[in-house]
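Student: The residues making up each chain are set out below.
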Amino acid sequence: MRVALFIACFNDTLFPQTGRAVVELLERLGCQVEFPLEQTCCGQMHVNTGYEHQARPLLERFARVFASAETIVSPSASCVGLVREHIPSVAQRTFELSEFLVDRLGVTDVGASFPHRVTLHPTCHSLRALEIGDRPQRLLEAVRGIELVELPGAQECCGFGGTFAVKNADTSMAMLSDKVRQVLDTRAEVCAAIDNSCLMQIGGALRRQRTGVRTMHLAEILAATE
Amino acid sequence: MSFPAAARRSLADSQMRHNVGHAVEVIRAKRERAVAELSDWEALRTAGADVKARALVTLPEQLERLEAEVARAGGTVHWARDGAEANAIVARIASGHGIDEVIKVKSLTTDEIGLNEALAARGVAVTETDLAELIVQLGGDRQSHILVPAIHRNRMEIRALFERTIAPGEALGDDPRALAEAARTYLRAKFLSVPMAVSGANFAIAETGTIAVVESEGNGRMCLTLPRVLVTVMGIEKVLPEWRDLEVFMQLLPRSSTAERMSPYTSLWTGLYPGDGPEEFHLILLDGGRSQVLADEVGRQALRCIRCSACLNVCPVYERVGGQAYESIYPGPIGAILTPQLSGFHDGTTLPWASSLCGACYEVCPVKIDIPTVLVHLRGRVVREVKSPAAPEAMAMRGVAYALRSRRRFEAAQRLARLGRGPLANAALHRWTAMRDLPEPPGQTFREWWSERPIPPTHPRQQ
Numbered sequence: 054m055r056v057a058l059f060i061a062c063f064n065d066t067l068f069p070q071t072g073r074a075v076v077e078l079l080e081r082l083g084c085q086v087e088f089p090l091e092q093t094c095c096g097q098m099h100v101n102t103g104y105e106h107q108a109r110p111l112l113e114r115f116a117r118v119f120a121s122a123e124t125i126v127s128p129s130a131s132c133v134g135l136v137r138e139h140i141p142s143v144a145q146r147t148f149e150l151s152e153f154l155v156d157r158l159g160v161t162d163v164g165a166s167f168p169h170r171v172t173l174h175p176t177c178h179s180l181r182a183l184e185i186g187d188r189p190q191r192l193l194e195a196v197r198g199i200e201l202v203e204l205p206g207a208q209e210c211c212g213f214g215g216t217f218a219v220k221n222a223d224t225s226m227a228m229l230s231d232k233v234r235q236v237l238d239t240r241a242e243v244c245a246a247i248d249n250s251c252l253m254q255i256g257g258a259l260r261r262q263r264t265g266v267r268t269m270h271l272a273e274i275l276a277a278t279e
Numbered sequence: 123m124s125f126p127a128a129a130r131r132s133l134a135d136s137q138m139r140h141n142v143g144h145a146v147e148v149i150r151a152k153r154e155r156a157v158a159e160l161s162d163w164e165a166l167r168t169a170g171a172d173v174k175a176r177a178l179v180t181l182p183e184q185l186e187r188l189e190a191e192v193a194r195a196g197g198t199v200h201w202a203r204d205g206a207e208a209n210a211i212v213a214r215i216a217s218g219h220g221i222d223e224v225i226k227v228k229s230l231t232t233d234e235i236g237l238n239e240a241l242a243a244r245g246v247a248v249t250e251t252d253l254a255e256l257i258v259q260l261g262g263d264r265q266s267h268i269l270v271p272a273i274h275r276n277r278m279e280i281r282a283l284f285e286r287t288i289a290p291g292e293a294l295g296d297d298p299r300a301l302a303e304a305a306r307t308y309l310r311a312k313f314l315s316v317p318m319a320v321s322g323a324n325f326a327i328a329e330t331g332t333i334a335v336v337e338s339e340g341n342g343r344m345c346l347t348l349p350r351v352l353v354t355v356m357g358i359e360k361v362l363p364e365w366r367d368l369e370v371f372m373q374l375l376p377r378s379s380t381a382e383r384m385s386p387y388t389s390l391w392t393g394l395y396p397g398d399g400p401e402e403f404h405l406i407l408l409d410g411g412r413s414q415v416l417a418d419e420v421g422r423q424a425l426r427c428i429r430c431s432a433c434l435n436v437c438p439v440y441e442r443v444g445g446q447a448y449e450s451i452y453p454g455p456i457g458a459i460l461t462p463q464l465s466g467f468h469d470g471t472t473l474p475w476a477s478s479l480c481g482a483c484y485e486v487c488p489v490k491i492d493i494p495t496v497l498v499h500l501r502g503r504v505v506r507e508v509k510s511p512a513a514p515e516a517m518a519m520r521g522v523a524y525a526l527r528s529r530r531r532f533e534a535a536q537r538l539a540r541l542g543r544g545p546l547a548n549a550a551l552h553r554w555t556a557m558r559d560l561p562e563p564p565g566q567t568f569r570e571w572w573s574e575r576p577i578p579p580t581h582p583r584q585q
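Protein chains in written order, with our numbering: chain A, 54 to 279; chain B, 123 to 585.
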């Protein structure tokens with residue numbers, strides 16, 4: 054299957070390892086991955102902050118860049134949410150990675166091996182915007198050697214919320230404190246999610262507090278082999 | 123004060139955070155159980171949303187039907203353009219009877235228009251009879267929750283307040299029953315002597331002219347039946363077209379608000395009944411900015427709200443900052459979309475941004491108000507209608523949008539971001555690193571890796 058990768062601008066810039074993992078994983082599963090280099094940003098930050106008028110050229114640009122793609126896959130639930138809601142011409146062809154793996158490729162066991170204690174933060178957009186449900190959970194459960202532990206209060210927001218994290222930094226931090234405490238309560242080595250934006254928030258505090266707990270995108274765990 | 127500043131002040135109050143955090147956790151779990159009992163909950167939500175939406179698109183007609191039916195049943199209907207007009211009408215009714223003291227049923231609408239203060243200024247004393255409202259009133263405090271206005275106070279604080287005010291010289295102890303008894307003794311004297319009561323309305327039925335008030339304590343029932351004169355102030359959006367519509371809301375409201383199958387007290391009255399209840403009934407229909415909200419096709423769904431407070435209880439922002447940070451009688455997610463719409467936007471409007479858009483509120487709303495969508499819509503309106511395009515944020519957003527509109531500029535911005543400068547870095551860094559680390563900027567962007575990697579060998583399965 055030919056797949057166009059929509060990387061999301063912050064992954065491209067700050068989390069290239071996630072993109073590399075997605076490519077590795079999809080190729081391992083027999084997909085032919087393309088990366089349209091003209092892509093920049095879907096416009097989510099502008100839309101959600103109230104600057105939709107400035108985002109419009111970005112939305113149009115996205116539709117143009119991916120016009121000929123049959124299937125678009127992205128390792129960001131919140132960006133896929135934006136595309137689904139605001140870019141109708143590609144909405145039906147754009148999938149979040151775990152959706153694509155489970156629904157389109159029909160796999161839950163992707164042949165990964167990751168012998169570590171892991172907890173999953175499901176993220177608000179995957180739960181309530183895309184309704185991805187337990188797909189990431191099922192993918193992780195099939196990973197060899199993994200010890201998956203449930204995150205208490207998993208459904209609660211980590212406090213990122215895009216520009217919310219800086220516009221309402223104090224409130225964001227209060228929400229984050231509870232999330233970090235819950236992650237630590239699991240005694241997991243790794244906190245995973247399907248969105249690096251949430252992981253940047255959670256991981257930022259885990260690092261600042263020198264907890265030793267790592268954050269990893271789901272794709273990076275699924276790409277890992279023995 | 124801006125929401126971020128008010129929130130910062132509230133976040134520093136650890137007693138409040140403990141009280142609110144504990145209370146919403148309890149209510150949340152109870153609501154989930156109460157809702158799970160009904161197999162047709164989703165259908166009820168849809169019905170609730172549809173009935174309200176229909177009432178709103180036919181509002182003039184419904185209000186005229188209501189007016190005619192209330193008048194037919196012996197009531198008097200008044201129309202108030204704004205809070206000042208409504209307050210003046212209530213004051214005029216009181217002074218017409220030489221009344222200088224009124225008792226109140228818990229009512230958000232009268233708090234929205236500042237009725238208590240307006241009456242006090244005209245020499246009319248007001249006593250709140252809802253226990254939590256009384257606690258707020260006695261303490262000179264501000265409400266922090268739609269349903270449980272004193273949710274930010276615990277038993278010990280209330281005990282100290284009562285011993286200072288309504289039960290001077292008594293040692294009440296920490297038993298909730300003793301505290302409730304002190305309030306009961308104080309209020310009972312009011313119920314039996316004060317000649318006028320003011321209430322709000324949960325619903326008003328256009329078809330029959332019936333007003334509905336649901337409550338837990340029975341104090342509202344006392345106010346609605348004992349005084350000679352009864353005045354109800356209701357926002358025009360509270361009207362329901364038909365009597366049968368009540369059936370839907372009598373299931374949605376108690377389960378969403380108090381997590382009960384039915385409210386302990388449901389009072390329904392239609393005008394006057396000779397020899398029973400008040401001798402005079404006035405209904406004041408308040409616009410107070412609602413027509414203006416109705417004109418906004420996206421924002422108008424906020425008028426469907428039935429004031430259940432389920433959205434507050436699940437909101438991760440409300441849970442941390444409490445209700446007072448919203449500086450409005452309507453706090454939480456619904457407040458963040460209702461308050462700015464009712465009171466109008468200004469340069470300092472920050473409430474639409476008081477949310478991480480996590481969507482928990484929409485999930486529980488019994489009338490399916492898509493609060494995250496309305497929040498984003500209102501953010502856009504505030505930015506376009508009142509924000510200065512020269513504000514630092516607007517300039518930054520413009521700069522970032524410009525960079526993102528071309529591949530060449532985006533790639534240049536990525537290189538700058540790696541050096542810790544440029545529009546991408548500035549947008550991300552602001553107020554972030556005070557409390558969180560940023561990821562180490564990688565040596566290579568994804569697209570650089572992609573462009574440099576050898577062409578992948580064709581996978582065997584593709585051959």
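Hints are computed from structural coordinates only; laboratory data are not their basis. For each residue, glycine too, the CB sits at the ideal point set by N, CA and C. It cannot be assumed that every hint is accurate.
What the hints assert, rightly or not - The calculated label-pair distances, taken between Cβ atoms and stated as ranges, are:
hint, chain 1, residue 1, chain 2, residue 2, range
1, A, Gly206, B, Tyr395, 33 to 43 Å
2, B, Arg575, A, Glu203, 36 to 46 Å
3, A, Ala207, B, Val148, 18 to 28 Å
4, A, Val202, B, Ala158, 42 to 52 Å
5, A, Ala195, B, Pro578, 50 to 60 Å
6, B, Glu223, A, Glu203, 22 to 32 Å
Student: All the hints need checking, so say for each whether the structure fits it.
Tutor: Tested hints:
1. Checked against the hint of 33 to 43 Å, the C-beta distance between Gly206 (chain A) and Tyr395 (chain B) comes to roughly 51 Å, which is inconsistent with it.
2. Distance hint check for Arg575 (chain B) and Glu203 (chain A): the Cβ-Cβ separation is about 37 Å, which falls inside the suggested range of 36 to 46 Å.
3. Take Ala207 (chain A) and Val148 (chain B): their Cβ atoms lie about 20 Å apart, and the range 18 to 28 Å holds.
4. The given range of 42 to 52 Å is broken by Val202 (chain A) and Ala158 (chain B), whose C-beta atoms sit roughly 26 Å from each other.
5. Checked against the given bound of 50 to 60 Å, the beta carbons of Ala195 (chain A) and Pro578 (chain B), roughly 25 Å apart, lie outside it.
6. The hint said 22 to 32 Å for the Cβ distance between Glu223 (chain B) and Glu203 (chain A), and at roughly 57 Å that hint is violated.
Checked against the numbered hints given earlier, this structure breaks hints 1, 4, 5, 6; the rest are met.
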